[in-house]
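Just so you know, the protein sequences line up as chains A and B, in that order. Each residue of the first sequence is one higher than the one before, starting from 58 at the first, in this note's numbering. Each residue of the second sequence is one higher than the one before, starting from 54 at the first, in this note's numbering.
Check each hint, because a few of them may be wrong.
[What the hints assert, rightly or not] Ranges of calculated distance between the beta carbons of each label pair, as one might list FRET restraints:
id : chain 1 : residue 1 : chain 2 : residue 2 : range
1  : B       : Arg356    : A       : Gly155    : 28 to 36 Å
2  : A       : His239    : B       : Thr352    : 24 to 32 Å
3  : B       : Glu381    : A       : Ser145    : 54 to 62 Å
4  : B       : Glu397    : A       : Gly130    : 56 to 64 Å
5  : B       : Tyr217    : A       : Asp248    : 35 to 43 Å
Hint data in this document are derived by calculation from the structure and do not stem from the laboratory. Glycine is no exception: its CB is placed at the ideal position from the N, C-alpha and C atoms.
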Amino acid sequence: MTDLLDDVRAALSTVLDPELDEPVTTLGFVRSCTVDDDGVATVTLRLPTFFCAPNFSFLMVADAHEAVSAVPGVTAVRVALLDHHASSEINAGVAAGGGFVSTFEGEAVAELSDLRATFLAKAVVAGQDRVARPLVDQGATPHELARLRLGDVPASADLDRLRSRRRTLGLPADDDAPLLIHPDGSPVSSDQVPLHLRRARLTRVGIETNGEYCRSLLHARYAPTSGAGQSPAVAMAGPAARR
Amino acid sequence: MYEKDGEKYFVVDSHCHYWDASRENWKPGREEYAKGWIDCFYGYHQLGPPETHWDYEKYLKVSEEDFVRDVFDEGHVDVAIFQSTYLKDWYTDGFNTLERNGSLAEKHPGKLIANGRWDPRDGEKGLEQLEADVERWHLRGVKLYTAEWQDGSRGWKLTDPMSYRYLEKCQQLGIVNQHVHKGPTIWPLNKDAFDVHDIDQVATDFPQLNFIVEHSGIPRIDDFCYIAVQEPNVYAGVSVVIGALMHARPKFFARVMGELLFWVGEDRMTFGGDYNIWTPKWQVEGFVDWQMPDEEAFTDYPRLTTASKKKILGLNAARLYDIPVPAELQLPPAEVAEPERPAEQLIAGS
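Okay, chain A solo, but in the shape it has when bound (with noise of 0.2 Å):
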């Protein structure tokens, strides 16, 4: 069963935080994971604060299911959103494999394509700091990064993840792409670079400062040595999630 813990392990590295655009396996969400003889699959998520928003949550949690769904020889997904207020509710509809909109009737009008949708279009404005900055210390110009093509740039895992993330908006990715594009795709201008620029890095300081707040507080709420505030199951839940 070794191998197909870690095929399931390997499928919840790519579930994203959408808000942060990291993997929970990375952020430590994933409180623990198993496969049983039969090649159930039970996996516990776990976030940062009892109120973390319940949209993005859910998608957590539906995505996990069907990451781990896909994993050949897992018989049955077992996903289970701990300590959350909404914790029944959003388990209960993802194993129904009901949406977002049944899950939380009267309270929802939509699923979440468009909010991930929004979030992936940070992720590529952001994206595009990380890209161009060490291009920009070393020197370039506006003019050079206007014209600067994503094949022109050297690998790098931030390149990889920029394009997979074009890809998925269906923003231009391949090599002969512009490295700064607009939010609909559009080349930004040799003008237009500071200020694309000075907003890239104000997204990514944004997403990437989100995601310390809730590492921080991931941290000081199931840290075995904080003490009071936390619920007793918690308490002797144990060691951190499986990385």
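Following the hints, complete the assembly by docking chain B onto the known chain A.
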């Protein structure tokens, strides 16, 4: 007043609380939410320096003596502004109501200001209540928490039609300072509850009101900054920015301050210590000592001068609330010159 290296700082804590999260106040049947809320605050509390951490039980409800000592005697605060948050869906007597805050404020005239609140879901009755609150408490400001749960509803937007009625009423009644705080829920739930674009619209439609966006719009600081740079009546409350980042995540604190200084500017940033999430002492002292790091990554962010720190720590909020500032604590006229506005110039040039 805080004095360091011969400089004197007039301190206005524009975002603090006097809450009652004691178990006796957890509404029967809603205990898990009341506990969940204060536990969330307790998580933030632990992002301050370890020597400032309190026991959970004490954290649930501090005494009047605690407040006076922590905020005024030890915390360097000259004037503190209470931001009322009702949460009566979870707390029997409310979390920190205007009545609770106002009663304490009346015992410390000139040092405490109690802000009210409004909620468009209260309808016509709420408008009458707002008038009564102004009569009773002479409100200059309100706290608006858009994620408050109420009778099955999980929140609202500033652009809701009824919200406009309240903003008009505030304009009539002279409640000029609207402190906005976004939370994780709203109707409909599929939308991003933290989205700040409704602030953009009402700031344009109500130019005589000030919109102080608490926590600087975090977790949507990117959208917030881009709105603030274009709306002169939008302010960045730096509550939670200092408290949660300055000690726990100093590099991120520097980045966030850098972005705020660039986009919003030092004339529209207001200090808030968020008592009793944290005490103000370490925040005031740490901020006065703080400077942007010298590393390459921070070189194109504005630097903080002593004058900028004086504005952020107190003078900006004093202006919003017409708080008299002793002459020796004001800035000399030479230092209140029209500041540079790099972000506005950048936008205008693009």
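Results for each hint:
1. B/Arg356 - A/Gly155: 28 to 36 Å: violated (53 Å)
2. A/His239 - B/Thr352: 24 to 32 Å: holds (27 Å)
3. B/Glu381 - A/Ser145: 54 to 62 Å: holds (59 Å)
4. B/Glu397 - A/Gly130: 56 to 64 Å: Holds - the Cβ-Cβ distance for glutamate 397 of chain B and glycine 130 of chain A, about 58 Å, lies within 56 to 64 Å.
5. B/Tyr217 - A/Asp248: 35 to 43 Å: holds (39 Å)
Going through the hint list in order, the structure does not satisfy hint 1, though it satisfies all others.
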